[in-house]
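Got chain A; can you put chain B on it based on the hints?
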Amino acid sequence: MNKDIPKYIITFIITALLFITAFYLSNYFNNKKTADIKATADKISIDLLSSETQFDILKQSSCNQLDGSILADELDALGDKLNYMESQVGSTNSEVIQLKKYYSILQIKDYLLMSNYGKECHTKSVSIVYFYTNDCQDCKNQGYVLTYLRDTYPGLRTYSFDYNLNLSALETLISLYKVPNKMPAFLINNKLYNGFMSTEDIEKIIKPLLPPTATTTATTTKVK
Amino acid sequence: MEYPSFQSILIYSSLFLATYFEVFLIMTLLGNSKKLRLENTSMDDEPTSFPTATIVVPCFNEESTVDGTIDSLLSMNYPRDKFNVIIVDDGSTDKTWQYIQKYANNPQIEIYKKENGGKYTALNYGIQQSKADLIGCLDADSYVDKDTLRRIVRYFTDPKVMAVTPAIKIFKPKSIIQYLQYIEYQLGIMIKKLFSYLNAIHVTPGPFTIFRRSIFEKIGLFRHAHNTEDMEMAMRMQINHLKIENCHKAFVYTVGPSTLKTLYKQRVRWTHGFLENTIDYKSILFKKEYGHIAFFTLPFSVVSLMSVISVVCLTIWSIFKSIYDFIIRIIIVGFHPHFHFDLSFIYINTRTSIFVGIVLFSMTMILLLNGRKISEEKMLSKEILYFLIIYPLIAPLWIIKSVYNTIFSKKTSWR
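Top to bottom, those sequences are chains A and B.
When we follow the working numbering, the leftmost residue of the first sequence carries the number 6, and every step to the right adds one.
When we follow the working numbering, the leftmost residue of the second sequence carries the number 1133, and every step to the right adds one.
Just chain B, same shape as in the assembly:
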């Protein structure tokens, strides 16, 4: 009996974990299909009450992009006397402050300027200026739909709900990199929804997560948290057993990085932040009192990063080996390709890993297509192909760098 090689143990364990993760998610989807249908049908019902809400818009050298954001906020279908916008200029060095003066006379808008301290300080400043029941934030390059806040507010009728996360989409993708994210975010919408059913949300995204004001009094304001304050807040809420919900039809549009370089930087920040925050909150892991976030979300997210790295290393190693063999072959016999036109079915790869790969692919497609369905996109488009082919090739780049940063404790930058 031949013993399995180290490589195959690595590959099969990674495949097993990935399959386990997706089976678990799909079971969650099937188990909550009734609840999901109910949410969909009642999504546009009239909210029983309209709590007061403040949206904080932090700016740093944003100038003109802030217009679209403010316009989308003011166009929202929410009673004007019940919500206001607080723009906080976090010590911009360009003409942002002069630019936003035009909003100074709007009764729904307050503008403030403070010294530069980072996004989370601008958020906290805005929160402290507000007296509303609900508080959310919107980046100066993001937009909301008319119904976004209205739909979210319905989830707050349950007094136990302390925060509601939105459904984020990429705004008008143009480059291939943006299309990749467009599809990725749709998969994300489904996964976030399923995490909310498990009460295992581990990120309360900056763009338009709405919080009850009382949680800031209870557990404090935003922290620096390795430049990922939205992840840290979610974990802090989880460790305090505060309920986080998700409204999958509360659409928020954000402009995605358009080049590989800017995407890479953003993702290194996110992934590194995730790892550092998880380390800070490692006391949550595998503790029964915290439920699925302790046994499912966090462990799998961490392990998946490790799997990706090991599979990538293996793949690179075997590619180099093939190239080396190819070069040796050329040295020995010159460049004479040995064409072997035998279309026998024997040469089709039928290893177990291939079939498992097919299963994984199908499950990912199920999750993706369901994500598109619940976020009101049409089911099929050619961009899905870009995502399936290109994304797995570039994601390892930032994953490796993030893990490297975490192990060697390097700091990431915001821009």
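For reference, chain A alone in the conformation it holds in the complex:
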């Protein structure tokens, strides 16, 4: 048996090497993914900057030309990808945190742009600003509600922020609207709401605020 011990050791080394290779491959792909997400975020940033500049240049006369809906879809897609990455590599991964901050800033800029646009062009729109934390029980369910609303009402803009993200722009927003440390929390058209809200609760609030065309595209079957 003694002459066989080297075989056991070699096997161990080979197995360890296989594992290390698998780990490095996994890391390599995860890095590629975060790079891709960052590139997408960069692109959106440029698009946002372009829209803002357009708005600055044209002011009121830009009201017919500005179409924010494409940007909204891109932002949502970015958010989904970021969520997936977070679930794969963990929420303490530094790259993920950076991308979340980047994404949050883009959302805030879009929010501001849409608010200004709405004021200047007198358009009817509803934005829901949603705050969550990673350990809040109702937040997952709240996520389902918001996804459903997003799909059903194309005129609705939703923005989600991790309350604990430690981003100065976000802190400003939080203190400006006095968002308390109880999740989930909402700003629906700048009015503060607290606690879990079902689809019916939110629909009651936003339906009167939405432009009429938005509701006809939605077919809803309410679950009692």
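Honestly, I wouldn't trust all of these hints.
Derived Cβ-Cβ restraints for the label pairs, each shown as a range [what the hints assert, rightly or not]: (1) B/Glu1178 x A/Phe28: 22 to 30 angstroms; (2) B/Tyr1536 x A/Asn199: 24 to 32 angstroms; (3) A/Leu214 x B/Thr1496: 58 to 66 angstroms; (4) B/Lys1263 x A/Lys12: 40 to 48 angstroms; (5) B/Lys1505 x A/Lys8: 23 to 31 angstroms; (6) A/Cys141 x B/Leu1162: 49 to 57 angstroms; (7) B/Ser1137 x A/Cys141: 17 to 25 angstroms; (8) A/Lys12 x B/Asn1372: 20 to 28 angstroms; (9) B/Lys1167 x A/Phe28: 31 to 39 angstroms; (10) B/Gln1233 x A/Ile10: 54 to 62 angstroms; (11) A/Asn32 x B/Ile1351: 52 to 60 angstroms; (12) A/Ile10 x B/Leu1525: 17 to 25 angstroms; (13) A/Phe28 x B/Leu1525: 49 to 57 angstroms.
Worth flagging that the hints you see were computed from the coordinates, not collected in a lab.
Keep in mind it's a predicted model, so treat the numbers as computed, not measured.
Beta carbons are placed, not taken as given, at the ideal position from N, Cα and C, and that holds for glycine.
Positioned in the frame of chain A, the structure of chain B alone reads:
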């Protein structure tokens, strides 16, 4: 730094052990490739001598199935004056005894009847009636090739070899369950071969393992051994340092259970028997004098069962969790599937475990395809897919039941 969860520790340790096991086997394959090639080329050489051999065929309510078995035995390419068949009726309650009378006048066949006592008692009875140098057994629903005994006998030229195990295949598979076993047995042929190179065989299968008569005098006859007397005999031989070889081209065909229920019963018996026998022979474990069976075969076989159970539990738990989440979601927003057609490569799962899984899969395929090669099957067939997909789903069923039986000391039944 996030600490790994209990689940990931469990999964990664299981993956590590499985990978270790297969790397070890593949290294054994590579290290013995020359020896294997030599065995293949000399497989049909004329044996230097033809020792006398007896094949015991135990019957219990077998009636007509025994015909095919006896015919295949009598058709073997072995000198007629050097081998005989002993049929033992183990107290059948049907017309088996009357049926086998037709063999009474055959000079190569002896028939006996005894009171029912279980398969191992029929084997022992037949062994005691025999005077041959080599003894083997064949179940009444199994068949041999013409060359099976001839090829096995060559391995006995080495006086140290005390038993030779055959290469078992499933006979004419028809149902999907039988096809699963068909592929599984081919993987088994490779693994048995590799175990023989490690001198770490832990089962001397009932169907046509040939023993030297002297071992029964040395270490005794078959025992009840939790209805798995073939495993117990192998372990007894190992603990007595008796050499067990394998002839991978000595084909024996056995009819596999055709339904999930009968397969389940058979496998619970085998796995439970394995665990109980291992417990009985636990003194072998991790003792240097016994070599690879003590450090490789037995430990890994036991640990693999535990891994399977824990991985299955984890999987079931996460499936239930997903279903629960799904139901909650429906309660909250109704049935509105959120279709997300984003074919970004980002959504492909690239966790480390996926890559390790790919490595494991490749190694299993290497072993399986080599097993098919040495047992003269064509390399690829669609049944391999059935095996790869369905087998991992049903094997946990009997594994869990066997371990449960062992822990709570329940007895298994033969049929």
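Structure-based check of all given hints:
1. Between B/Glu1178 and A/Phe28 the C-beta distance comes to about 55 angstroms, which lies outside the given range of 22 to 30 angstroms.
2. Checking the proposed 24 to 32 angstroms range against B/Tyr1536 and A/Asn199 shows it is violated: the Cβ atoms sit about 50 angstroms from each other.
3. Under the hint 58 to 66 angstroms, the C-beta atoms of A/Leu214 and B/Thr1496, about 60 angstroms apart, fit the expected range.
4. Distance hint check for B/Lys1263 and A/Lys12: the Cβ-Cβ separation is about 43 angstroms, which falls inside the suggested range of 40 to 48 angstroms.
5. Between B/Lys1505 and A/Lys8 the C-beta distance comes to about 29 angstroms, which sits within the given range of 23 to 31 angstroms.
6. For A/Cys141 paired with B/Leu1162, a C-beta distance near 55 angstroms keeps the hint of 49 to 57 angstroms intact.
7. The hinted range of 17 to 25 angstroms is satisfied by B/Ser1137 and A/Cys141, whose Cβ atoms lie roughly 20 angstroms apart.
8. Between A/Lys12 and B/Asn1372 the Cβ separation comes to about 25 angstroms, which falls inside the hinted range of 20 to 28 angstroms.
9. A C-beta distance of roughly 36 angstroms is found between B/Lys1167 and A/Phe28, which places it inside the suggested range of 31 to 39 angstroms.
10. For the pair B/Gln1233 and A/Ile10, the beta carbons lie near 59 angstroms from each other, so the given range of 54 to 62 angstroms is met.
11. At roughly 55 angstroms, the beta carbons of A/Asn32 and B/Ile1351 sit within the given window of 52 to 60 angstroms.
12. Roughly 38 angstroms separates the CB atoms of A/Ile10 and B/Leu1525, a value that falls outside the hinted 17 to 25 angstroms.
13. At roughly 28 angstroms, the beta carbons of A/Phe28 and B/Leu1525 sit outside the given window of 49 to 57 angstroms.
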